[in-house]
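Student: Sequence:
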Amino acid sequence: MKTPTIKDIRAAAAARRSRRERQRRWLIGLGVGVVVVGVLAVFVLPPWVRSQVETRLGAALRRPVTVERVSLNLFTLTATLEQVAIAETDGSLFARWDRLLVNGDALAWVRGIRGFDRIELDGFEGRVGLDAEGALNFADLLERNDAEEATETGRLKLAIDALVVREAKLNFRDASRSVPFATTLGPMSFTLEGFRTEHDAEAPYEFVATTEAGESLRWKGQLSAVPLRSAGSIEISGLHLAKYAPYYADLIGFQVREGRMTVAGDYTTNLSGDAPEVRLSNAKVDVTALQLGKSGDATPVMRAERLGAEGINFDLGRRTVEVAQVSWTGGDLTATRTAAGIDWIDLLVGQGESETTAAGAEPFGAKINAIAIEGVDVRWVDQSLPLPVEVRVSPLRLTLGKVDLTRLDTAVAVGLRATFASGGEVQVSGETSLVPFKPALLVSVTDLNLATMGGYVAEATGYNLTQGRLSLEGQLGATDEALVWRGQTNLAGARLSNVDGGPLTGWENLQVTGIDLVTEPMTVEVASVRWIRPDVTVVMDAAGSTNWRAGFLATPEIAVPVAAAPTAVAPVIRVNRVELVEARIDFTDTSLAAPVKLSLEALSGELTGLSSVEVAKGRADLRGKVNGLAPVAIAGNFNPLGRPAYTDVKIDFDRIDLVPIDGYIGKYAGYALQRGRLSLDIDFKLQDRQVSSESVATLDDFTLGGKVKSPDATSLPVGLAVALLKDTKGQIVVDVPVAGSLDDPEFRFGRVVWRVITNLLTKVATSPFALLGSMVGGAQDEELDRQEFVAGAASLTDASMAKLDTLSRALRERPGLVLDLVGEADASADAAALRPEVLEKQLRTAATPEQFTVATGWRGRGRETALMNRYLEVFGVPPIDPNGVVTPPLVAEVVKPAPVPVKAVSPPGAIAEEDQTLLGWIKQVFKGSPTAADTVDAPKPVEKSPAEAVIAAPPVLAALPVAEVEARLLSRIEVSEARLLDLAQERVLVVSALLEAKGLPASRLNLGLPKLGQAQVTLTLR
2 MKTPTIKDIR AAAAARRSRR ERQRRWLIGL GVGVVVVGVL AVFVLPPWVR SQVETRLGAA
62 LRRPVTVERV SLNLFTLTAT LEQVAIAETD GSLFARWDRL LVNGDALAWV RGIRGFDRIE
122 LDGFEGRVGL DAEGALNFAD LLERNDAEEA TETGRLKLAI DALVVREAKL NFRDASRSVP
182 FATTLGPMSF TLEGFRTEHD AEAPYEFVAT TEAGESLRWK GQLSAVPLRS AGSIEISGLH
242 LAKYAPYYAD LIGFQVREGR MTVAGDYTTN LSGDAPEVRL SNAKVDVTAL QLGKSGDATP
302 VMRAERLGAE GINFDLGRRT VEVAQVSWTG GDLTATRTAA GIDWIDLLVG QGESETTAAG
362 AEPFGAKINA IAIEGVDVRW VDQSLPLPVE VRVSPLRLTL GKVDLTRLDT AVAVGLRATF
422 ASGGEVQVSG ETSLVPFKPA LLVSVTDLNL ATMGGYVAEA TGYNLTQGRL SLEGQLGATD
482 EALVWRGQTN LAGARLSNVD GGPLTGWENL QVTGIDLVTE PMTVEVASVR WIRPDVTVVM
542 DAAGSTNWRA GFLATPEIAV PVAAAPTAVA PVIRVNRVEL VEARIDFTDT SLAAPVKLSL
602 EALSGELTGL SSVEVAKGRA DLRGKVNGLA PVAIAGNFNP LGRPAYTDVK IDFDRIDLVP
662 IDGYIGKYAG YALQRGRLSL DIDFKLQDRQ VSSESVATLD DFTLGGKVKS PDATSLPVGL
722 AVALLKDTKG QIVVDVPVAG SLDDPEFRFG RVVWRVITNL LTKVATSPFA LLGSMVGGAQ
782 DEELDRQEFV AGAASLTDAS MAKLDTLSRA LRERPGLVLD LVGEADASAD AAALRPEVLE
842 KQLRTAATPE QFTVATGWRG RGRETALMNR YLEVFGVPPI DPNGVVTPPL VAEVVKPAPV
902 PVKAVSPPGA IAEEDQTLLG WIKQVFKGSP TAADTVDAPK PVEKSPAEAV IAAPPVLAAL
962 PVAEVEARLL SRIEVSEARL LDLAQERVLV VSALLEAKGL PASRLNLGLP KLGQAQVTLT
1022 LR
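Residue numbers (this note's numbering): 2 to 1023.
If you are wondering where the hints come from, they were derived from the structure by calculation, not from laboratory data. Remember, it's a predicted structure, so these values are computed and weren't measured experimentally. Treat the hints with caution; some may be incorrect.
Stated by the list, open to error - Under the rule of at most 20 Å between Cα atoms (straight-line distance), these lysine to aspartate or glutamate pairs were calculated in the EDC-like manner: (1) Lys-170 to Asp-99; (2) Lys-1012 to Glu-978; (3) Lys-1012 to Asp-983; (4) Lys-1012 to Asp-827; (5) Lys-221 to Glu-306; (6) Lys-439 to Asp-410; (7) Lys-626 to Asp-682; (8) Lys-730 to Asp-658; (9) Lys-285 to Asp-99; (10) Lys-626 to Asp-658; (11) Lys-368 to Glu-432; (12) Lys-598 to Asp-536; (13) Lys-244 to Glu-216.
What the hints assert, rightly or not - Okay, the calculated beta carbon distance ranges per label pair: (14) Arg-578 to Asp-744: 30 to 40 Å; (15) Asp-298 to Gly-515: 14 to 24 Å; (16) Glu-841 to Arg-1023: 40 to 50 Å; (17) Gln-512 to Gly-239: 20 to 30 Å.
Even for Gly, the Cβ is constructed at its ideal location relative to N, Cα and C.
Let the sequences and hints guide you as you build the complete structure.
Tutor: Structure, rendered in structure tokens:
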């Protein structure tokens, strides 16, 4: 290294002195400049800047602006505005801040960039509001004049190294809502670093804010202005949902009373292209302490300890939403049905209009990978029923696998477990598609208490289900067109009551196994049904209504339905076997003075081969007892499922004690029952909807007691019917045929049976003897109640003798019958027949011993002489016709006179001795009689006609013939009523004697007083 010389040293020193001088001058100049700038910044520029800010900012904002203090640092290019206030035109606050610091970047401004090293805003407070019309309080600032609408030719270049906002507050009020909304967002803090509007400049930022309700917002990420994009994370926590009700209350029908929501996630946005890009990833939504309610009801309809969605991924460009899991943990849900409908339908729909996807827009592809509900109580209340229903599940556990809302035909895994508060549990596992519904599920129900659901049974049947536990197991599946169920079920301890709480029916257990059900076409196959100890209770009250009256069995006698035209394919039903174990039916009629109680007990057996398509296949074999004693048997073909139904069964009731139903007999028959048993043999057939029934009812030892006063008692002779129908064995056997068509709306089985019985009683009343005769093979037209006699005699006709044989045989077989006999006499026919007897008696009484004796009878012409004498006595003249013409009043035909011979008249003394009668004497006196000589020797006269004889011969008096004499005498005889009544009495004695001779005891024959009537004996049964 060269050693410096003195010259060099001096030159260097001079140079240093010169440099120091220059530096001193620069420092002096700089100091003066600083002083000048400081004076300007402190004393000159701040007032001017404050004035300009108030003027220019006020003009721009169209609002008064006040600035309390302006601080400038021209050296650092820093300006501070403190206590700035912007007022509304009405003087209220629009915005204010405590301090605004702006530190410019001189180099950036030199490069044409509006650059800032730092911007700080402290204590900002602003007010944003919407009036009743929905206009913003700064809407006027958004209106631009035409001059201000010129197109900007350049792009704003902006660079902010640091932006800091501290303790900011924003007051927001919305008066456009039906319920005004107000909130305060603050204190807020915001930091932004390295923000550039240059291409691809990423600026980190962070925004933190809270509200007066304790809500917080944290927003952190990267922001790029060119292109306009951002990426980062956002978290809103503690959002008070009820606070924002004014914005959604009109869209939903329920109230959000409580609930805090937290929303967090990562996002990416890019708004620079034609289609905005918005993506959300790994987001979550959590709602805690949620309470939903209905207006006017203080009880919440839904509560959730936690309701959330996790793993939310959203892509606006791809229009996809995917959620890893939606969960609901803890809480309860209440759904209520009223006459107006289910409340949740209105709650969810609200009053807002539903939004639909824009025309042509592709729907969002939404997927939920898992849905879980855990520990939730569900309460269902149905108030639309006459008997309200309340069912509570506590708790409910539900899990669903991946659900693709754009592909509802995809199978979704399902897991369900519901425990009912009233008892029982339902479990479901497997998978199913939603649309169409194609399940492949295992279903299990264990001891589900159906009593809580009794209102639905009451709605369908009119009866209350008060007990019952349901268990079932099976598989629910599907084909392309139908649902399929295969499994078994069990309903235990069921009890059904009427609306008054009275028992109707129930059973110990109902087991159905081997169920195979297909919905389309409807097919039901059941392997076995076992019904253990079912019981039915029927009670008739004083009004004649049964305890079943309020339900579908509205009356004791059910009308047979008329066949309706089929509107759809009838289901195919097959039940292989039904086993009935100790069934019981109890009937009580309290409408009677003495209640009637009947029971069918221990009815057991089986029904096999029931089918709706194989009509004649079903078989029935049942056995039971009436009142625990009388056997009952039902056997034969029985298929109620057939279309049409088919039945061909024999039903036998053996010796049922009738004493328990004495009340009915007293009410309707008018007699008390002492004893009696009933046996029924019923052959019942139903085929092609045609009923044909042949029933034989046998009453053993049926004995009536005394009469019973009853307004309902029949006026028909019940006692007579019993006696008439009861045979020597003490039995009454009645055939009751029934025939009809179920398609006949007038056909009622009970009505037909009663008609048969009524007709029988009517026949007993009107034609008891015809009925009696028919029982022993007599002709239907035989009049057994009339025994005819020969007129004027006590002798039965041959026909009556035959009828008497039939009657006696029938009466011997009906020992309970008593016969009343009344003899009759005909005042006309019998009197006419009795007159000859009276005349004969008169003649015999008047005859001399030479004419008549009882031992020898009439002698010679004694009777003719007696007739002439009687005639003369009655009529007062001899029995001759003075006019010569015989005109007998009572003789059937006139005896014409023989031709009169012309002969000489002999003296009276020459009369022959052979005619010594009165008639001969009359002839001798009035006509003359030929002597013996005349008779023997006289020449035969020449016969002439009667006319010629009358002309040629002198008049001759005509003698009345004997018959005419007798007829005229009979016409004058009157038969006394006493004689006729004697004849009637003789006749009744004859019939009585004949009946006794044929085996009827006299104790069963009551002889009545004789009377005038017909030539008969009339009979009456009792």
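Student: For the pair we were handed, Lys-368 and Glu-432, check the Cα-Cα distance against 20 Å.
Tutor: 17 Å, holds
Student: Under the criterion that the straight-line Cα-Cα distance not exceed 20 Å, is the pair Lys-1012, Glu-978 satisfied?
Tutor: Roughly 9 Å between the alpha carbons, so the hint for Lys-1012 and Glu-978 holds.
Student: Quickly compare the C-alpha distance for Lys-221 and Glu-306 to 20 Å and report which way the hint goes.
Tutor: Violated: Lys-221 and Glu-306 sit about 29 Å apart, past 20 Å.
Student: Between the alpha carbons of Lys-626 and Asp-682, is the straight-line distance 20 Å or under?
Tutor: 15 Å, holds
Student: Verify the proposed pairing of Lys-170 with Asp-99, using a straight-line Cα cut of 20 Å.
Tutor: Holds, because 12 Å separates the two Cα atoms, which is no more than 20 Å.
Student: Within a Cα-Cα threshold of 20 Å, do Lys-1012 and Asp-827 meet the stated pairing?
Tutor: Holds, because 9 Å separates the two Cα atoms, which is no more than 20 Å.
Student: Holds or violated: the 40 to 50 Å window for the beta-carbon distance between Glu-841 and Arg-1023?
Tutor: 42 Å, holds
Student: Given a hint of 20 to 30 Å, does the C-beta separation of Gln-512 and Gly-239 actually sit inside it?
Tutor: 57 Å, violated
Student: What's the verdict on Lys-244 and Glu-216, does the C-alpha distance respect the 20 Å limit or exceed it?
Tutor: Answer holds: Lys-244 to Glu-216 is near 11 Å, not above 20 Å.
Student: Straight-line Cα separation of Lys-285 and Asp-99 no greater than 20 Å?
Tutor: Distance of about 37 Å is beyond 20 Å: violated.
Student: Quickly compare the C-alpha distance for Lys-626 and Asp-658 to 20 Å and report which way the hint goes.
Tutor: Distance ~11 Å between Lys-626 and Asp-658 Cα, so the pair holds.
Student: Would you check the hint for Lys-730 and Asp-658, treating anything up to 20 Å between C-alpha atoms as holding?
Tutor: 17 Å, holds
Checked against the numbered hints given earlier, this structure breaks hints 5, 9, 15 and 17; the rest are met.
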